[in-house]
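If you read the protein sequences in the order shown, they are chains A and B. Residues 878 to 1427 in this note's numbering are what the first sequence spells out, letter by letter. Residues 878 to 1427 in this note's numbering are what the second sequence spells out, letter by letter.
Don't read these hints as lab results, they were simulated from the structure.
Just so you know, same-sequence chains aren't split out, so a pair can sit in one copy or run between any two.
SDA-like mimics (lysine to any residue), calculated; alpha carbons at most 20 Å apart, straight line:
1. Lys-932 x Gln-1269
2. Lys-1177 x Asn-1420
3. Lys-1270 x Gln-936
4. Lys-1270 x Phe-935
5. Lys-916 x Leu-1109
6. Lys-916 x Pro-1122
7. Lys-916 x Arg-966
What follows is the residue order along each chain.
2 protein chains.
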Amino acid sequence: MSRQLNGSVTPEKRLGQNSIVQPLLTDLYQITMAYAYWKSGKIQDHAVFDLFFRKNPFQGEFTIFAGLEECVKFLDKFSYSKSDIDYIRQILPPTVEEEFYKYLGTLDARGVSFYAVKEGSVVFPRIPLLRVEGPLIVVQLLETTLLNLVNYASLIATNASRYRMASNKLKLYEFGLRRAQGPDGALSASKYSYIGGFDGTSNVLAGKLFNIPVKGTHAHAYVTSFNNLSELVIKTLEPKTGGKPVDFVALAIKWRESIVSVFNVMLSEVNDGEFAAFISFAISFPNGYLALVDTYDVKKSGLVNFSAVALALLDLGYEPIGIRLDSGDLAYLSVVARNLFIKISEQFKRPQFANLMIMASNDINEETILSLNEQGHEINAFGIGTHLVTCQKQPALGGVYKMVEINGHARIKLSHDVGKVTIPGRKDVYRLYGENGNALIDLLQKSSEAPPKVGEKVLCRHPFEESKRAFVTPSKVEKLLVLYWQNGKICQPLPNMQEIKERVVDSLRILRADIRRTLNPTPYKVAVSDDLYRYLHDLWLENAPIGELA
Amino acid sequence: MSRQLNGSVTPEKRLGQNSIVQPLLTDLYQITMAYAYWKSGKIQDHAVFDLFFRKNPFQGEFTIFAGLEECVKFLDKFSYSKSDIDYIRQILPPTVEEEFYKYLGTLDARGVSFYAVKEGSVVFPRIPLLRVEGPLIVVQLLETTLLNLVNYASLIATNASRYRMASNKLKLYEFGLRRAQGPDGALSASKYSYIGGFDGTSNVLAGKLFNIPVKGTHAHAYVTSFNNLSELVIKTLEPKTGGKPVDFVALAIKWRESIVSVFNVMLSEVNDGEFAAFISFAISFPNGYLALVDTYDVKKSGLVNFSAVALALLDLGYEPIGIRLDSGDLAYLSVVARNLFIKISEQFKRPQFANLMIMASNDINEETILSLNEQGHEINAFGIGTHLVTCQKQPALGGVYKMVEINGHARIKLSHDVGKVTIPGRKDVYRLYGENGNALIDLLQKSSEAPPKVGEKVLCRHPFEESKRAFVTPSKVEKLLVLYWQNGKICQPLPNMQEIKERVVDSLRILRADIRRTLNPTPYKVAVSDDLYRYLHDLWLENAPIGELA
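Turn these sequences into a full structure, and let the hints guide you.
Quick look at the structure:
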């Protein structure tokens, strides 16, 4: 059963979903619970679950919600195949009744209503990112897969957005494929870091599947594969505007001789294998010449060889792109490189040379970028791998999926840790804005309550601390939970990746700077309505056992 | 083109490989380098690359090598489809010659010789886990995908093996699906943690694909979905040996009344919704009754309700399994539970009750287990999620893939950081064993050298510190690199998962305990032969530029 999407259809959607996203991608206990519910006559039970998290990642005070589209696609194709059921029969005890397997075969998500915050929105602890309503058994069976699809996607989008903020307008490329959690971990990383604010990826398959810009030039191995200039088979290059091929090697050699004095090195110190590698790369990609300059020695060899070849390219009308630094003191080396580029641009009247791109890519994390910013540097672009894709600082978002209502009765999960008490009942979330357009507070209400109104005072209460209350008069009210799936249909256009990427930017813009900042950010407020406060606390008392002092 | 595997064929193999493991799952620079190599006339160049890592993860002194089978499968199907080439044409500059795309279309891994350490072996920094030889362009194009397949697999297998050692003979289950890096990250985690020493997973799809035992019972939501005993539709259960169904609810109620005094609680403190949930779960799974006891209050409610239902099951001839604790002080609660179980077993003459399983599962990491061991606890099994699958302590293994030889000439990658200098040339690795069967040292030699011989003294040198040398007389010599792929064929049986799992156990056994231990482990020695030492240092001097003091 395939359904047409109402929204814009990107190539990614046409390709459908990773085939391993299927109902068996779940914890076994969901299926044992399904049987116990079934056996206990709970087929008609109707439940409401909230998916939310309790703490923003990375010691920050915001999170970017992502993964929604994958969730909707999962609902769309949710059903157990014969092979699935055969396998389940194999792993459940033989006492399980055969009727149950027939019942499993009939299940799909048509009875489910699925509400979500818009993908790419900034979100906060305790607010439901998803509200999933429907037959208890089905909504329970969706739990693990939905969590899997939301947790990592949101984590990496958030991580990427933090790198984006730290690096201002610099270019950011995701280089994490080799260090990601397997092949698909890498693809998710490429996709959601692009959504979170990156400019591209090195992952070619991600480029193909998601239409993300792909970047990359060469590795150290390319440089070490050349020994000296005599290995160069092709020595000529046509000028950009056409015409007779020029002896490019001779031209580069001539340039190298002219510039060694600028670099204050002896020609014998400059590596010839590296020179040959750069020349051959420039002949192959005369319009895309970006060279990795740290295979031997950045100052004594890499920059000299790069510059000689770049000047030769300029002579033929090409625009060299720049260099990549992959080791050493990036702030210092970038400044050294920039100064030399400026010196050359002045000495040889090549104004473009002053603005060559300097890319850096060695084990960079958010702190590295912030520290580079403090030191001062001349880097224009970062390639970021391990720390981005593994989210080293916090490698998992602790999203949870909790039952808040069953058959119209609110449910609460108590805990000795107040932070872990769930907010019961079917709820809506409203984002209240101030006059300057900044978001002031997210307000949770019972769904049965009337929404807050623009210009009308509304009492916002801390969910657990009685005395923390404030009146808010919103200039704008935004209902965060939107219905995406009902009666077996996607009922809201799914935005394409570009639109989600733009939402991230817009959504972060509504936050005050002190909430967004990296160091000691101010927590954003998430409140409950007065009604919901009373409801929550009444239910709490009702469910907490009364002990006896002994 | 599909080839028959020589080795044992498990269901997993028959299913083939995740379809996203394909030649485009690579960094773009591999393809730009391929073009530059092609354009520079390097089609006939022959290269040798080593895949190795520089530092053991998790502050440990060993690593488990995994991911080999996936690498071999990748070689087996390595080729660019028309759609791949169309996409590459789209992202490379228009100056790239059309001939190159034709050439890409002809590429496969038939010219590659692929050597590897056996999957599941314990390995150490600097030794090649893979040695990949063949046409420069092809072996370069394999880099990123091989790294992706080896890095996470080895990391998680190592992590799992550390949990295994920390928990001795206790049962370990992987519960990480909801927190893993996407769907496939989760599957890899299930597979390689099983290989590393876990007993099963909660991930049903991993169970189906890899034939791993799957475990799971119920969540808090199951408990909160019941309010009181009146909701129970089915109240009876047949005795295990058959016969007239018994009023199971009445039986459990009777038991609960008899035991509250053992728990020193009042009946009013014990939650009836939880009781109903446990009864219904026991009726559904009378042979698999394992209850999550911390939804309300472990001591005042969970353990009472669990025990009443477990005693009722025993009356009918069933063997209850035990409890799961998912919050609170696990050491303390497990001891409380065990003592109560023993008390009941004695008071009511139910000897089985003393040995009920106690499972723990709240945010557990290696340190938690070590600390529980110190405190003393009564836990029999752990369910481990986030920390296992994300490898929180070190979320990436820094595997690298370096050219060590081209056209018969050794290559060295220099670095100001001595630890990053690569060991040049085509090499073999021998593991030398002492008389007691322990591994003494791994010795890297040039492939052209004769292997070390049992009973003959061999000089082992530190690769970088001149004075660190030792003679070793091995009692056993093991050649670690085995040929897995040549002439387009898999030429070594690929073991099934059970065999790999056993190799992990055997392989760790050959390590001295002080190398394996968690706290301040002793580094295992990796040495080079005298010949290789000289070769390395000659090449180093040859490539390092000579400066001039100014």
